[in-house]
Amino acid sequence: MNAWAILQKPGVCPNGRAQATGRAHNPVQDFYLRVVDKGENTVLGVAVKALSDSGAGCKLA
Numbered sequence: 002m003n004a005w006a007i008l009q010k011p012g013v014c015p016n017g018r019a020q021a022t023g024r025a026h027n028p029v030q031d032f033y034l035r036v037v038d039k040g041e042n043t044v045l046g047v048a049v050k051a052l053s054d055s056g057a058g059c060k061l062a
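Residue 36 in the working numbering sits at position 35 of the sequence shown, with consecutive numbering throughout.
Keep in mind the hints are simulated off the structure, nothing from the lab. All values reported here derive from a predicted model rather than from experimental measurement. A hint or two may mislead.
Stated by the list, open to error - Computed Cβ-Cβ distance ranges for the label pairs, DEER-style: (1) ALA4 x LEU52: 39 to 47 Å; (2) ASN3 x SER53: 33 to 41 Å; (3) GLU41 x ALA4: 36 to 44 Å; (4) ASN3 x VAL36: 18 to 26 Å; (5) ARG35 x ASN3: 19 to 27 Å; (6) ARG35 x LYS60: 30 to 38 Å; (7) LYS60 x ASN3: 17 to 25 Å; (8) GLY46 x ALA6: 21 to 29 Å; (9) TYR33 x GLY58: 37 to 45 Å.
Cβ atoms here follow ideal geometry from the backbone N, Cα and C, with glycine treated the same way.
Could you put the whole structure together from the sequences, leaning on the hints where they help?
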């Protein structure tokens with residue numbers, strides 16, 4: 002089995018966490034809203050939950 006096929010299996014991800022992938026094979030992930038005040042970085046919350054790339058313009062999608 003080649004490396005690409007292995008990475009597409011559920012639960013296998015180079016950074017150690019299972020990630021779903023969209024049609025363009027990009028990770029589906031949360032984006033967080035942060036603010037830096039006086040050098041302190043604080044997470045305010047989730048800005049977008051489970052955002053995936055639509056793959057528009059991608060010939061592989």
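Structure-based check of all given hints:
1. At roughly 26 Å, the beta carbons of ALA4 and LEU52 sit outside the given window of 39 to 47 Å.
2. Between ASN3 and SER53, the C-beta spacing of about 24 Å breaks the proposed range 33 to 41 Å.
3. The hint said 36 to 44 Å for the Cβ distance between GLU41 and ALA4, and at roughly 40 Å that hint holds.
4. Between ASN3 and VAL36 the beta carbons are some 43 Å apart, a value that contradicts the proposed interval 18 to 26 Å.
5. At about 37 Å, the CB distance of ARG35 to ASN3 disagrees with the hint of 19 to 27 Å.
6. As the Cβ distance of ARG35 to LYS60 is approximately 34 Å, the hint placing it in 30 to 38 Å holds.
7. Our hint of 17 to 25 Å for LYS60 and ASN3 holds, since their Cβ atoms are close to 20 Å apart.
8. The hinted range of 21 to 29 Å is not satisfied by GLY46 and ALA6, whose Cβ atoms lie roughly 36 Å apart.
9. Taking 37 to 45 Å as the suggested C-beta distance range, the pair TYR33 and GLY58 does not conform, at roughly 26 Å.
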